[in-house]
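Visitor: Listed below are the residues making up each chain.
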Amino acid sequence: MTNDTSTGSTTGKTADESADGRMTMESGPRTESRIQADDAPGVIETKEMSVYYGDFLAVSRVSLDFGRNQISALIGPSGCGKTTVLRSLNRMNDLVATARTEGEVHYHGQNIYADGVDPVEVRRTIGMVFQKPNPFPKSIFDNISWGAKINGFRGSKSEMEDLVQQALEAAALWDEVKDKLADSGYSLSGGQQQRLCIARAIATQPDVILMDEPCSALDPIATLRIEELMLELKENYSMIIVTHNMQQAARVSDKTAFFNVKLNESGMRTGRLVEYSPTEQLFTSPTEKDTEDYITGRFG
Amino acid sequence: MSVEAPERPRRELFPTDEEYRDHLGSRRRKAVGFKFFCLGMLSIAVLALATLLYTIVNDSFGLVAVVNENDPGAIVAGLGHDPEVTGLQEVTYEELVGLLEANVSSGVGRRLEREQRFYEDRLVFEDEATWAEICASDDPPTGCNAAPRDHNNVYALVQERVVVTDVIASYQLVPSIFSPDRFEAEVAEGFEAGRFPDHDLDRVTYEWRAWFNPTFVTTPQNATPEVAGIRTAVLGSLWLVVVTVLFAVPVGVGAAIYLVEYARPNRFNDFVQTNINNLAGVPSIIYGMLGLAIFVRVLEPLTSGAIFTDGVPPSDNGRTVIAAGLTLGLLTLPVVIISSQEALKAVPDSLRHAGLALGATRWQTVRSQILPVALPGILTGTILAIARAIGETAPLILVGASGFITADPTGPFSKFTALPIQIFQWTARPQEEFHNIAAAASIALLLLLLTLNAVAVILRNRYSRRAE
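Read top to bottom, the protein sequences are chains R and L.
Numbering follows this note's numbering, with no gaps: position 221 of the first sequence is 221.
Numbering follows this note's numbering, with no gaps: position 99 of the second sequence is 99.
Don't read these hints as lab results, they were simulated from the structure.
Keep in mind it's a predicted model, so treat the numbers as computed, not measured.
Among these hints, one or two may not hold up.
[Claimed, not checked] Pairwise CB distance ranges, derived in the manner of DEER restraints:
1. Gly391(L) <-> Glu176(R): 48 to 56 Å
2. Gly152(R) <-> Arg264(L): 26 to 34 Å
3. Gly40(L) <-> Val96(R): 47 to 55 Å
4. Arg267(L) <-> Gly152(R): 32 to 40 Å
5. Gln247(R) <-> Asp349(L): 54 to 62 Å
6. Val96(R) <-> Arg388(L): 32 to 40 Å
7. Gly152(R) <-> Leu238(L): 39 to 47 Å
Ideal placement from N, C-alpha and C gives every residue a C-beta, glycine not left out.
Pulled out of the complex, with its shape left as it was, chain R reads as follows (with noise of 0.2 Å):
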């Protein structure tokens, strides 16, 4: 764990001097929780986690523990929900206007989904990259600065260089683009504005980063550099993500949850998790039938 040295001047900031809602969680998961917490289960806990999109059950009952500085990831074909679980993860699901969770999700032990926590905040802690590259249409330099600017960043000029240098050297991008910082992020391939979107999500010092279906977008070799980057930021960063990819999720993941489609008695289509246990042992010796099937490629 490298966690001890992560409390330095930039990210010793705790969480509830940088969003501007209310601050009712523990605080921030960089600093002394972190520490403390070396022996606790997971980093994020579903506890029987339901969404509703208006009526339609979308994901039943979804009970799962992601491991501390492990990369997890969530498989199964489409429609099964596993983009929705992740998206419920940061209550990026809230912006859904017919979107509705019950059940609880723990972070450290709180519940992200009770009565005055800010969804603002858990985003801050919890980050997300998207399936498609989405940077902003300003500089290279901006793109990263923009989330620490907002979050309350204090340093100097010269510390938000540091600070932009840090999180571009981290998504292994900073060699490619040190000399063009003051280029437009669009001018970037489709596998380095992905990456850029890492370092943007990195530099507003996260501790989770969900990861949407990351290199669906990008050809074999970008998706390489990628998946190489998610080994080295396990380090320093718990990881979720969500892949159609199931020999991506066998390379990098520690643990895998498979999730299925089940036609319930009214006709609805609801997903359900069906197993999750370490990647490994998912793709030798599932214990369940329909795992089997589908990562021996008999549906899906």
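Got chain R; can you put chain L on it based on the hints?
Guide: Chain L alone, transformed into the frame defined by chain R:
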């Protein structure tokens, strides 16, 4: 192309090669026909615009038949200049004032001086004692505070009062170029028919006249078309634009941001949205009635400026720049809201998600990421809406734009007139010369629109470059 086609399922349902080729020919003819149809429609549109411009320009320039009561050449010679070298406009300010002093009755002179004095340090028609007395009264004339007249202003007075130029007939631009003789013949016929009983045919001179000229733009309104200008109307229109923009842009963009970024689809918000869409189609005269009832009548203490002063209000009723500007603001508001909404909706959701996922609040995301991208679109819609407002006449008539006013509007609580009002009133006059200045004022209105649009386009380009 003739290729032996292999057997295909359902081949018999498709045309044979020969039929196909025939069919292709007719499709191609239709395509060409449609292209020319569209070209024809475009030509009609261009022709309509060209006709409009032609009509305006045709009336704004051309030959005029002029009778000068006093010949300007003789006046210049009387001042000791050579009329071949020096025009009346080139003589000094003092000489022009001197001409007025010698030719204008003292009553008229005093009136002119009370309107606006000639020299900062001395009086020409009024004596110091009376001047001090009237300036100390409760209702001092404008001349007590206004800056002294300038050269152009006094030259116009000399033209009006000393030379007394009377345009007795005017001719349009195109016939003036191609058949100037016909004009002279028509004027002569007019004299024979006794249409100009006050004038003498021998004293008629013919000259070119640009009704749209710098003096026209900088001279205030006048009852005589030859010396009337649009200064008051241009300033009035500019003031209206300022008030309209200050009201419609913040309110409209703010409402659009709420509706797009914050409002969740529910009955109330759907109702609001539907009504905004309907308001965009409400005729402008209805807005005029609203403006009259609310801004002029109900809010009179506000729109006349009475609540901002203890003593005499800046205006004795609510028919002021601010009442009219707010009315035009209401008129443009729905269009500003709708076009801003469209611009905001065109910003991809991925940017909103990116901002929010970094732990930004809604407002931070909107302010830093969404608005800069939407701004060019918002500006385009706003420009179109404001352009429409500048040309509006009906609501201004209802709200009470002044028909005849010579004092410049000085603030939101001034009485005012506007370019379209001026054009409307001049066009309604029977005399030919008023139609000429109405056309010239139309050119001014078009130029004003063009300038404002150019400014907005420059702004828009600057912002959209910054957003890249």
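Visitor: Determine whether the Cβ-Cβ distance between valine 96(R) and arginine 388(L) falls within the hinted range of 32 to 40 Å.
Guide: 38 Å, holds
Visitor: Check the following: the C-beta atoms of glycine 40(L) and valine 96(R) are separated by a distance inside 47 to 55 Å.
Guide: 49 Å, holds
Visitor: A range of 48 to 56 Å was offered for this pair. Does it hold for the Cβ distance of glycine 391(L) and glutamate 176(R)?
Guide: 54 Å, holds
Visitor: Could you tell me whether the CB distance from glycine 152(R) to arginine 264(L) stays inside 26 to 34 Å?
Guide: Distance hint for glycine 152(R), arginine 264(L) holds at roughly 29 Å.
Visitor: Is the distance from the Cβ of glycine 152(R) to the Cβ of leucine 238(L) consistent with 39 to 47 Å?
Guide: Once the Cβ atoms are compared, 44 Å apart, the range 39 to 47 Å for leucine 238(L) and glycine 152(R) holds.
Visitor: Using the Cβ atoms, figure out if arginine 267(L) sits within 32 to 40 Å of glycine 152(R).
Guide: At roughly 39 Å between Cβ atoms, glycine 152(R) and arginine 267(L) fall inside 32 to 40 Å, so the hint holds.
Visitor: For the range 54 to 62 Å, tell me whether the beta carbons of glutamine 247(R) and aspartate 349(L) fit it or not.
Guide: 30 Å, violated
Hint compliance for this structure: hint 5 alone is broken.
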